[in-house]
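In our numbering, each residue carries its 1-based index in the first sequence increased by 1338.
Bear in mind the hints are in silico, worked out from the structure with no lab data behind them.
Please note that a few of the clues may not be correct.
Heads up, simulated DSBU-like pairs for lysine-lysine below, C-alpha to C-alpha not over 30 Å straight-line [unchecked claim]:
| # | residue 1 | residue 2 |
| --- | --- | --- |
| 1 | K1484 | K1820 |
| 2 | K1410 | K1493 |
| 3 | K1691 | K1775 |
| 4 | K1460 | K1374 |
| 5 | K1820 | K1691 |
| 6 | K1391 | K1410 |
| 7 | K1381 | K1355 |
| 8 | K1493 | K1460 |
| 9 | K1816 | K1649 |
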Amino acid sequence: MDNENANLNFDQLRLDKLQQLEEAGVILYPPEFERKDTIQDIKARFESIGHEKSEGMVFTAGRIFTVRNHGKTVFADLGDEDGRIQLYIRKNDLGDEKFDFFNRFIDRGDIIGISGHVFRTKVGEITIWVDDFTLLTKSVCSLPEKFHGLRDVEKRYRQRYIDLIVNEESRQTFRTRSRIISLIRQYLSSRGFLEFETPILQPIYGGANARPFTTYHNYLEQNLFMRIAPELYLKRLVVGGFEKVFELARNFRNEDIDTHHNPEFSMVEIYEAYRDFRDMMALTEGIISHLVFEIHDTYQIPFEDSMLDFKPPWKSLSMEDAVKTIGNIDIWQYSVDELREIARTKRIDGWEKPENPREFLVLFFEALVEDQLVQPTFVYDFPVENSPLAKKHRTKEGFTERFELFIYGMEVANGFSELNDPLDQLNRLLRQDEKRKGGDAEAQMIDFDFINALGYGMPPTGGVGLGIDRLVMLLTNKNSIKEVILFPSMKQMPDGPSPEDEE
RNA sequence: GGGCUUGUAGCUUAGUUCGGUAGAGCGACGGACUCUUAAUCCGUAGGUCAAGGGUUCAAAUCCCUUCAGGCCCGCCA
């Protein structure tokens, strides 16, 4: 057993111990251990224990995190998923052979099962007085330092398992992530929504403006795209007669990676028949404020340098009013030439492009307003030009019934009264397709089957998508999406095995 | 894509300004210690200073290239 592979972190001394154990006939990785008590259980059950050993025994297991050797006694800290507890191991109790075995062969990072009695040390810590222990898993890699832990950000992301072993804060973040997802499920399921799974491999991608990943199916002999959104399939379900549907969807977008974007990210998309964009705003507010309260027991939570207040009702204003009150530009007061001049003097990137007031509205909104929306704020009534799947506004010419939710300058939700007019939809996608063929890599393809579906008739429907990763960021006070994705996309290390080596 | 910035022992790091034998703590290994908890005490080993090239009598340090991160901006959700 030699540590010659440069890709392995195996510790030679530990490999040597492993070999000695094997030669001594020790079962190295036994298949089971009857754990009767978790550490949390033990601490709760013996909360008022005194200095005398308990009558009852405990049987628990976990990883060794620190060892304090005192010669004929040893103190060690044992940790499982929810807690840590101190072990007290005495030569007198274990006998020479077993005690020496512990000192020679049990290392920090190993997983052991123990049986013992509970007592409180003279400095007051609940401790297990160990009667016996069993090696359950020998660790052949050494753990990071006990005090500073693992700080190296890159290593924390690439080898998340180490991060989770030693950094409680990281473990807490992902516990919260898991809770958020299950709370969303419960919230929707309990209100009669059905959860479905729609294709991730799609012959035609759609539902958002983004560049896709492309892949190839050998037997079909055709290209497939990984979905950028589940939207068009979920609406087919509404056509089919499912009136309240949602999907917790992983989406894939072939774009840059930064603190707010990962190539694969999670969304929940929700559709409900006989509802409109205003109902979807209410639903969004309901879900998110519920999450905040369930997780933090309050509607006010800190994020970065701010306190966010999620207590409903949230601020809500049209895009025109947002630009007027926050950007200080009333677009209806100016001609297109004047708007262009304003954009130019404010040095807004892309000031040359817009051709009508609505396009300037979007430009000003993105440049002047978005960042200012710190508290949860709905912005509604988006121009038709950049909303190809939203229903045209019931009263405002050139606008759609669409909203987005902004929190701390981040777009967290996007929803609308779904476009269900098949002819309108056809025309809008034709326009997108022209843009795409004109070189706009993020414009949408025409999905004729989807338009046909609308042709059979989709009831008036409201829909919304919520970015899960960003929600988790907000609820855990993390400023990078990589802190809330267990295994964020990272560039491959040069010395690792490369995919080209695989058959 | 642009700007700034980081990479030194298993981990956390000093040393880089101003070139002169690579230093510490934790961890590991050996020893002492029967209520410690970042245990303590004594001793030992452990480094291609991210990789490659250049300047120089001499490079972790200066210069160039490359690799992998981080932060900010642009694009997107």
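A quick look at each hint next to the structure:
{"no.": "1", "hint": "K1484 x K1820", "result": "holds (24 Å)"}
{"no.": "2", "hint": "K1410 x K1493", "result": "violated (38 Å)"}
{"no.": "3", "hint": "K1691 x K1775", "result": "holds (18 Å)"}
{"no.": "4", "hint": "K1460 x K1374", "result": "holds (27 Å)"}
{"no.": "5", "hint": "K1820 x K1691", "result": "violated (34 Å)"}
{"no.": "6", "hint": "K1391 x K1410", "result": "holds (19 Å)"}
{"no.": "7", "hint": "K1381 x K1355", "result": "violated (33 Å)"}
{"no.": "8", "hint": "K1493 x K1460", "result": "violated (40 Å)"}
{"no.": "9", "hint": "K1816 x K1649", "result": "holds (21 Å)"}
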